[in-house]
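Undergrad: Make a model of the complete structure from these sequences and hints.
Just so you know, we're using the working numbering here: the sequence shown kicks off at 1 and counts up by one.
Just so you know, the hints here were simulated from the structure itself, not pulled from any lab data. Given the structure is predicted, the values throughout are model-derived calculations rather than measurements. By construction, the Cβ of each residue, glycine as well, lies at the ideal position given by its N, Cα and C atoms. All clues stand as given, with none of them false.
Between beta-carbon pairs, the in silico distance windows are:
(1) THR7 with HIS42: 31 to 41 Å
(2) GLY105 with LYS130: 14 to 24 Å
(3) THR23 with MET172: 32 to 42 Å
(4) PRO302 with GLY168: 50 to 60 Å
(5) ASP293 with GLN113: 47 to 57 Å
(6) THR23 with THR278: 43 to 53 Å
(7) TYR22 with ASP146: 15 to 25 Å
(8) LYS32 with PRO60: 18 to 28 Å
(9) LEU255 with ASP104: 49 to 59 Å
(10) GLY105 with THR256: 46 to 56 Å
(11) TYR22 with THR278: 42 to 52 Å
(12) PHE160 with PRO245: 40 to 50 Å
(13) HIS300 with ARG13: 50 to 60 Å
(14) PRO245 with ARG109: 45 to 55 Å
Okay, derived cross-link-like pairs now, DSS-like style, lysine-lysine, Cα gap no bigger than 27 Å in a straight line:
(15) LYS130 with LYS32
(16) LYS199 with LYS130
(17) LYS32 with LYS199
(18) LYS32 with LYS202
(19) LYS32 with LYS201
(20) LYS292 with LYS276
(21) LYS201 with LYS130
(22) LYS130 with LYS202
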Amino acid sequence: MGSRILTLQRQARELGRLRTGYTDGKRPVRSKTWIATSHAEHYVTAAAEAWGGAVERWQPLGNGAPQFRVITEAESIDALMPPGDPLSQYNELWSGGGCQRRCDGERERLSNQPCICLRQFGEDWHQQRKGTVCSATSRLNVILPDMPDVGVWRAETHSFYAANEWGGTVDMVLSGTNGQGMVPVVLRIEPRQRVADGKTKKFPVVVVEIRGITTRQALTGPLPTALALDPSGSCAVAAIEAPRPDYLAQAGGALTADDVRDVWRDARAAGHVHPKGTDDLSKQLMAIAARKDEEAAAAHAPAAEPEPDEEGAYDVEVLDDVETEQSGGWPAVAQAGSGARA
Numbered sequence: 001m002g003s004r005i006l007t008l009q010r011q012a013r014e015l016g017r018l019r020t021g022y023t024d025g026k027r028p029v030r031s032k033t034w035i036a037t038s039h040a041e042h043y044v045t046a047a048a049e050a051w052g053g054a055v056e057r058w059q060p061l062g063n064g065a066p067q068f069r070v071i072t073e074a075e076s077i078d079a080l081m082p083p084g085d086p087l088s089q090y091n092e093l094w095s096g097g098g099c100q101r102r103c104d105g106e107r108e109r110l111s112n113q114p115c116i117c118l119r120q121f122g123e124d125w126h127q128q129r130k131g132t133v134c135s136a137t138s139r140l141n142v143i144l145p146d147m148p149d150v151g152v153w154r155a156e157t158h159s160f161y162a163a164n165e166w167g168g169t170v171d172m173v174l175s176g177t178n179g180q181g182m183v184p185v186v187l188r189i190e191p192r193q194r195v196a197d198g199k200t201k202k203f204p205v206v207v208v209e210i211r212g213i214t215t216r217q218a219l220t221g222p223l224p225t226a227l228a229l230d231p232s233g234s235c236a237v238a239a240i241e242a243p244r245p246d247y248l249a250q251a252g253g254a255l256t257a258d259d260v261r262d263v264w265r266d267a268r269a270a271g272h273v274h275p276k277g278t279d280d281l282s283k284q285l286m287a288i289a290a291r292k293d294e295e296a297a298a299a300h301a302p303a304a305e306p307e308p309d310e311e312g313a314y315d316v317e318v319l320d321d322v323e324t325e326q327s328g329g330w331p332a333v334a335q336a337g338s339g340a341r342a
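TA: Dropping the structure here:
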């Protein structure tokens with residue numbers, strides 16, 4: 001790999017957006033299926049070929065540039081979570097003039113003051129009429145592996161329930177992968193309902209689900225790219241059928257602590273241990289390496305001086321004249337019980 005400007009924040013280009021609503025004139029309408037929009041027509045055409053629907057020109061509200069969109073027939077879309085932290089969440093208030101408030105729940109970032117909605121309406125501020133207070137806004141960058149070009153698509157929702165669930169799912173996955181590698185997911189529009197004050201309200205919630213792999217695989221460490229791209233195909237079958245090497249046995253048979261550390265590096269490359277060494281297997285391998293270090297230190301420790309027995313005699317090895325001359329005239333003290341008593 002060539003050189004990079006270290007102060008730049010490298011990020012993939014945004015190819016388009018995945019939406020769950022559209023405008024009918026000036027009235028917002030919720031959609032039961034995904035809507036793909038982009039400035040590039042061929043991206044939207046590819047989405048229509050994959051998930052159905054007709055491509056049309058679309059003018060966003062406000063002064064945005066004309067785009068293309070397709071209201072697809074798909075309630076779920078297969079995607080990949082890219083490396084790093086793909087999720088951004090704020091409480092936001094928008095108007096025709098753009099974003100008026102962007103709050104992290106405690107502090108409004110644009111004016112650098114405490115949460116305005118909380119100060120104005122108290123703990124139940126989120127129950128106020130939409131447009132007068134902030135909305136929980138979640139944006140998740142995903143890769144659509146079967147779409148043209150290299151980049152990300154941004155899925156966005158203003159659902160309070162999705163904000164809680166997206167954050168929990170993404171953070172759990174990041175705790176296992178440490179933001180390394182890609183994770184296969186499915187984005188699904190799930191119909192729900194809530195009963196409050198005797199009234200039943202129906203609404204859609206976008207759900208992010210792990211796709212084609214088990215929870216153990218998702219949390220063990222970074223996935224191989226081939227498995228992430230094809231979690232239900234031959235790569236996944238090979239991953240399931242191939243037994244995991246017995247790393248503890250390899251470490252137990254190692255000669256030195258460095259050899260044990262090489263075993264851990266192999267396990268990390270295969271995604272079987274956490275890169276930070278916080279998992280159980282890593283801790284067991286560390287314990288074996290520490291034991292190897294102790295054994296090596298004991299082997300190189302100075303030999304203890306011989307001590308006399310209860311009669312004051314030493315166990316020594318008697319050398320004849322030839323051996324004494326060849327050894328420089330110094331007798332060699334042998335292990336106890338191996339020589340004649342002087």
